[in-house]
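Number of protein chains: 2
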Amino acid sequence: MTAGPAARTATRPGAGTGRKPVLAVVGATGAVGTVLLEILSQRADVWGEIRLVASPRSAGRRLAVRGEETEVLALSEEVFDGVDVAMFDVPDEVSARWAPIATSKGTVVVDNSAAFRMDPDVPLVVPEVNAHAARVRPRGIVATPNCTTLSMIVAVAALHAEFGLGELVVSSYQAASGAGKAGVDTLRAQLAAVAGSSLGTQPGDVRRAVGDALGPFPAPLALNVVPWAGSLREAGWSSEELKIRDESRKILGLPDLRVAATCVRVPVITTHSLSVHARFENEVTVGQAHEILASAPGVVLVDDPAEGEFPTPADAVGTDPTWVGRVRRSMDDPKALDFFVCGDNLRKGAALNTAQVAECVAAELSTP
Amino acid sequence: MTAGPAARTATRPGAGTGRKPVLAVVGATGAVGTVLLEILSQRADVWGEIRLVASPRSAGRRLAVRGEETEVLALSEEVFDGVDVAMFDVPDEVSARWAPIATSKGTVVVDNSAAFRMDPDVPLVVPEVNAHAARVRPRGIVATPNCTTLSMIVAVAALHAEFGLGELVVSSYQAASGAGKAGVDTLRAQLAAVAGSSLGTQPGDVRRAVGDALGPFPAPLALNVVPWAGSLREAGWSSEELKIRDESRKILGLPDLRVAATCVRVPVITTHSLSVHARFENEVTVGQAHEILASAPGVVLVDDPAEGEFPTPADAVGTDPTWVGRVRRSMDDPKALDFFVCGDNLRKGAALNTAQVAECVAAELSTP
Numbered sequence: 001m002t003a004g005p006a007a008r009t010a011t012r013p014g015a016g017t018g019r020k021p022v023l024a025v026v027g028a029t030g031a032v033g034t035v036l037l038e039i040l041s042q043r044a045d046v047w048g049e050i051r052l053v054a055s056p057r058s059a060g061r062r063l064a065v066r067g068e069e070t071e072v073l074a075l076s077e078e079v080f081d082g083v084d085v086a087m088f089d090v091p092d093e094v095s096a097r098w099a100p101i102a103t104s105k106g107t108v109v110v111d112n113s114a115a116f117r118m119d120p121d122v123p124l125v126v127p128e129v130n131a132h133a134a135r136v137r138p139r140g141i142v143a144t145p146n147c148t149t150l151s152m153i154v155a156v157a158a159l160h161a162e163f164g165l166g167e168l169v170v171s172s173y174q175a176a177s178g179a180g181k182a183g184v185d186t187l188r189a190q191l192a193a194v195a196g197s198s199l200g201t202q203p204g205d206v207r208r209a210v211g212d213a214l215g216p217f218p219a220p221l222a223l224n225v226v227p228w229a230g231s232l233r234e235a236g237w238s239s240e241e242l243k244i245r246d247e248s249r250k251i252l253g254l255p256d257l258r259v260a261a262t263c264v265r266v267p268v269i270t271t272h273s274l275s276v277h278a279r280f281e282n283e284v285t286v287g288q289a290h291e292i293l294a295s296a297p298g299v300v301l302v303d304d305p306a307e308g309e310f311p312t313p314a315d316a317v318g319t320d321p322t323w324v325g326r327v328r329r330s331m332d333d334p335k336a337l338d339f340f341v342c343g344d345n346l347r348k349g350a351a352l353n354t355a356q357v358a359e360c361v362a363a364e365l366s367t368p
Numbered sequence: 001m002t003a004g005p006a007a008r009t010a011t012r013p014g015a016g017t018g019r020k021p022v023l024a025v026v027g028a029t030g031a032v033g034t035v036l037l038e039i040l041s042q043r044a045d046v047w048g049e050i051r052l053v054a055s056p057r058s059a060g061r062r063l064a065v066r067g068e069e070t071e072v073l074a075l076s077e078e079v080f081d082g083v084d085v086a087m088f089d090v091p092d093e094v095s096a097r098w099a100p101i102a103t104s105k106g107t108v109v110v111d112n113s114a115a116f117r118m119d120p121d122v123p124l125v126v127p128e129v130n131a132h133a134a135r136v137r138p139r140g141i142v143a144t145p146n147c148t149t150l151s152m153i154v155a156v157a158a159l160h161a162e163f164g165l166g167e168l169v170v171s172s173y174q175a176a177s178g179a180g181k182a183g184v185d186t187l188r189a190q191l192a193a194v195a196g197s198s199l200g201t202q203p204g205d206v207r208r209a210v211g212d213a214l215g216p217f218p219a220p221l222a223l224n225v226v227p228w229a230g231s232l233r234e235a236g237w238s239s240e241e242l243k244i245r246d247e248s249r250k251i252l253g254l255p256d257l258r259v260a261a262t263c264v265r266v267p268v269i270t271t272h273s274l275s276v277h278a279r280f281e282n283e284v285t286v287g288q289a290h291e292i293l294a295s296a297p298g299v300v301l302v303d304d305p306a307e308g309e310f311p312t313p314a315d316a317v318g319t320d321p322t323w324v325g326r327v328r329r330s331m332d333d334p335k336a337l338d339f340f341v342c343g344d345n346l347r348k349g350a351a352l353n354t355a356q357v358a359e360c361v362a363a364e365l366s367t368p
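If you read the sequences in order, they're chains A and B. Each residue of the first sequence is one higher than the one before, counting from 1 in the UniProt record's numbering. Each residue of the second sequence is one higher than the one before, counting from 1 in the UniProt record's numbering.
The set of hints was computed from the structure by calculation and includes no laboratory data. Mixed in with the good hints, there may be bad ones.
[Stated by the list, open to error] Sample of chain A residues lacking proximity to chain B, with all beta carbon distances greater than 12 Å (derived):
#: 1; residue: Ile39
#: 2; residue: Leu40
#: 3; residue: Ser58
#: 4; residue: Glu78
#: 5; residue: Ile101
#: 6; residue: Gly180
#: 7; residue: Pro311
#: 8; residue: Cys360
[Claimed, not checked] Some, not all, of what chain A presents toward chain B, calculated at C-beta under 8 Å:
#: 9; residue: Val169
#: 10; residue: Val226
#: 11; residue: Leu232
#: 12; residue: Gly236
#: 13; residue: Val268
#: 14; residue: Thr270
#: 15; residue: Thr312
#: 16; residue: Asp332
#: 17; residue: Asp333
Glycine included, C-beta positions come from ideal geometry on N, C-alpha and C.
Make a model of the complete structure from these sequences and hints.
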């Protein structure tokens, strides 16, 4: 065992002391946590000690971060002693219980669950869009959005800043890893079961081949698309669809934004895509939109269909930016743009945004 | 060889004579033609002789229709002698050249290509929506819509009849077979290449595994989605996207209908799906929409997400109707509905609609 966290210093990094803040990664062994450790190893090193935390089941495992093997600690009150910033990548109910415990010890929590996103005393932050909001955190918690919102919001916000957004109609093409490791394992097993067959041409033939091996999905995903993600909310809407609406409104500061979203799972391992119809207050041109997107931080514009250039998940996966292409002005509405975006749901959609927000907080803690 | 077509009677079926009309299937050996022969074998038998026609390359093959082996004839002027109705399921340029030759012999052509769809003297017909239009055909040609339009239009038209359609925003999830047999073969080969692997998590790993074997698609389709179908038209729009707009307007008789479509190919063998945001002139309720869709001819309503009931391509494939589910009233617009539709692109999307239109013409030819 390494020295227990209680043995560590509880001193906060004083303004200008130069001491690097201590980070805890809660949920270090999960699908997002795994990507987060990679990202922490790749980005500029702003952290002092990095403490890895997970459920007691995973405690004692050793994981590499910044090239060092580090032992995973079991989640406990003491694990937050001396921690300046804690990133939470855990289920909603775990965040709901443990984030207040961490903040009671003076730790700033950057939470990637849905537990606090709509709390008016918790900012919902995407650094390219509203980094300033992370500085005002009455509960000591900063939330980061759902992966589907994150896969498009940086591009949407850049266009909003110029044209003034009034309405979004979006349809998603969501990857299996949005449902965690079980989602990926399920899709891979289903693909192995149908590859080399002549399935997919008779009613229910894929369903029979896949059998009960649906994993976290309500229908087969191989050779199929499934118009459902999340849980049932009011009037037939899914939780995933309402997150896109509620989170976009909060991040953009547009409480009356009109949003209609349809969320569909597709047989892709990682990287969510969205088809976006965005209506603005002002007239738009493709030329202006291209200029905005080409210079927007965190956005890569790939838009030359004559040359086969547009974003696809297979190209965007494993990368940081939001990829945008197929930018068109609606033929019947000079105020509307249609475009297609791809974003790695485990990177910008989760781990990367969490890391970026935590770095904003670290910079603030270290600045006089 | 069977008796040449020139030897057959050229008599037209006189009103009330009771003689069943003679049918030619032009393009009998293609992907849609193959499904058409199945459909002709399953539906009420309104036809006398059925003559199978294809390119000289396929002539001489024997195919089963209505349980009888029938020799495929090479496309020629003579092949239309004595033919009352000819179904064309061939590339645009073949239709453009040969349909007028057929009509010059008195044959009514039901054409599934894009060659004549937007000709003001050619009706564009979906029997559940505008069967009456098939009776007025100045050029002797009736066109049937593109598969993507057909996969949604029956459901959209039923709602339009009640609420008055003003705007459509649609995103498609299009199957590989929309690109013909080459599309299906390509997807199956790509799936075999990636199944059992850990691909789909690193930039370009799927692209490298698939190599040049892209078939008719501009990017890998396995473990991917591709936001492109058809050819490039003005201002970044694809031909497939403009077809949805132009054809919906013509079929519904709404020349000013606002339509924005984004077409995306997904790794599904057969059955197109669309996410539809439809804005009407009048306020809507989900209850009314359910009533309309549950009783609309050619539509099956499957909408109980609490029980995992919604349409998916794997369930709709190989069936005739348009499957509709996920019906929601937009939270921010009491005049808009969001829903998800699936339709077999080779059946209702092509062969079935062609057969239905041809049957309308046959009934008219046989009626005093």
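Right, here's what the structure says about each hint:
no.: 1; hint: Ile39; in the structure: holds (14 Å)
no.: 2; hint: Leu40; in the structure: holds (18 Å)
no.: 3; hint: Ser58; in the structure: holds (21 Å)
no.: 4; hint: Glu78; in the structure: holds (35 Å)
no.: 5; hint: Ile101; in the structure: holds (34 Å)
no.: 6; hint: Gly180; in the structure: holds (14 Å)
no.: 7; hint: Pro311; in the structure: violated (7 Å)
no.: 8; hint: Cys360; in the structure: holds (26 Å)
no.: 9; hint: Val169; in the structure: holds (5 Å)
no.: 10; hint: Val226; in the structure: holds (6 Å)
no.: 11; hint: Leu232; in the structure: holds (5 Å)
no.: 12; hint: Gly236; in the structure: holds (4 Å)
no.: 13; hint: Val268; in the structure: holds (6 Å)
no.: 14; hint: Thr270; in the structure: holds (6 Å)
no.: 15; hint: Thr312; in the structure: holds (5 Å)
no.: 16; hint: Asp332; in the structure: holds (4 Å)
no.: 17; hint: Asp333; in the structure: holds (6 Å)
Comparing the model with each earlier hint shows a violation of hint 7 alone; every other hint is respected.
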